[in-house]
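S.K.: Following the UniProt record's numbering, the numbering of the sequence shown begins with 1 at its first residue and continues without gaps.
It is possible that part of the hints are untrue.
Below, in silico cross-link-like pairs of lysine to any residue (SDA-like), each with a Cα-Cα straight-line distance of 25 Å or less [as the list claims (entries may be wrong)]:
no., residue 1, residue 2
1, Lys183, Lys205
2, Lys126, Leu223
3, Lys147, Glu157
4, Lys205, Glu157
5, Lys139, Ile214
6, Lys129, Gln210
7, Lys212, Ala143
8, Lys193, Ile214
9, Lys147, Phe77
10, Lys147, Ile91
11, Lys147, Glu168
For each label pair, taking beta carbons as the anchor points, the in silico distance ranges come out as [as the list claims (entries may be wrong)]:
no., residue 1, residue 2, range
12, Phe169, Glu149, 41 to 49 Å
13, Glu159, Leu124, 42 to 50 Å
14, Glu218, Arg188, 51 to 59 Å
15, Leu101, Asn121, 52 to 60 Å
These aren't lab readings, by the way, just hints derived from the structure by calculation. Fair warning: this is a prediction, and the values are worked out from it, not measured in the lab. We put the CB at the ideal spot given by N, CA and C, even for glycine.
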Amino acid sequence: MDNDTTLVETSPTPKIEKCPMKSSFKSPFRSGITKLQNRGEVSLKTCNTTYTRLLNEKQLSLQNRVIYNDLTRKISFYRKEITNLSEAINIMKKYDKELKLDELIMKWRNVCQSSMSYLFNATLFKIDKLGGYEEFIRKEIEAEKAKLEYQLDDSVEEEISGILESDEFQALPPDDQEEYKIKFEEKREEVEKVKQNALKVLDDKLILAQNKEITMEELTKRLKVDYNLVYPSSSL
């Protein structure tokens, strides 16, 4: 027993060598987790990049819209300014033309007024030599009466005489000839009435000329010149 015990007790304990673990061993779970983590990181980075890009694009779009609106307002403002300036230039051009036109009007109006003054003085001198304004009008009326009598009496008589002496009239029966002669006499009476009315108008004109003098307005009327054009009311 003692020997056995001794043998057991004295027997050397065998050494168990540990098997070293290979460093190349990889857990399949850890590899999958790593891949998922890497994929998640890539996906997150992509999302962040996309979000940042979209945010920048949105900000850029807002900035562009602000710039566009500002430019639109400025364009509208300057367009109105250009229109106003163009209108102002046209008004100034028109005003310059009106000034030049007014200057020309005043220039030639002064020339006309000077000419009319010369003619008026010459007419007054001539009328005085004829015996005054009333005598001047009387001589004019006498000339108009002579002209009137010639135009009415002589022309009608010449027309009637031409008909009475024509072969066509001589070929008519005596009764028809007498009927035409009666019509010719009625024609003479009508012409005489017209003549007497015209002569009365001339006589009234002579009455109105008594104790009067010729005026510038009458002279312009005789010369067929617009009195108001030469002597506007503003310059009177």
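S.K.: For every hint, state whether the structure bears it out.
M.R.: For each hint, the structure was consulted:
no.: 1; hint: Lys183 with Lys205; in the structure: violated (34 Å)
no.: 2; hint: Lys126 with Leu223; in the structure: holds (16 Å)
no.: 3; hint: Lys147 with Glu157; in the structure: holds (15 Å)
no.: 4; hint: Lys205 with Glu157; in the structure: violated (28 Å)
no.: 5; hint: Lys139 with Ile214; in the structure: holds (15 Å)
no.: 6; hint: Lys129 with Gln210; in the structure: holds (17 Å)
no.: 7; hint: Lys212 with Ala143; in the structure: holds (20 Å)
no.: 8; hint: Lys193 with Ile214; in the structure: violated (31 Å)
no.: 9; hint: Lys147 with Phe77; in the structure: violated (76 Å)
no.: 10; hint: Lys147 with Ile91; in the structure: violated (57 Å)
no.: 11; hint: Lys147 with Glu168; in the structure: violated (32 Å)
no.: 12; hint: Phe169 with Glu149: 41 to 49 Å; in the structure: violated (26 Å)
no.: 13; hint: Glu159 with Leu124: 42 to 50 Å; in the structure: holds (43 Å)
no.: 14; hint: Glu218 with Arg188: 51 to 59 Å; in the structure: violated (36 Å)
no.: 15; hint: Leu101 with Asn121: 52 to 60 Å; in the structure: violated (30 Å)
Of the numbered hints listed earlier, those contradicted by the structure are 1, 4, 8, 9, 10, 11, 12, 14, 15.
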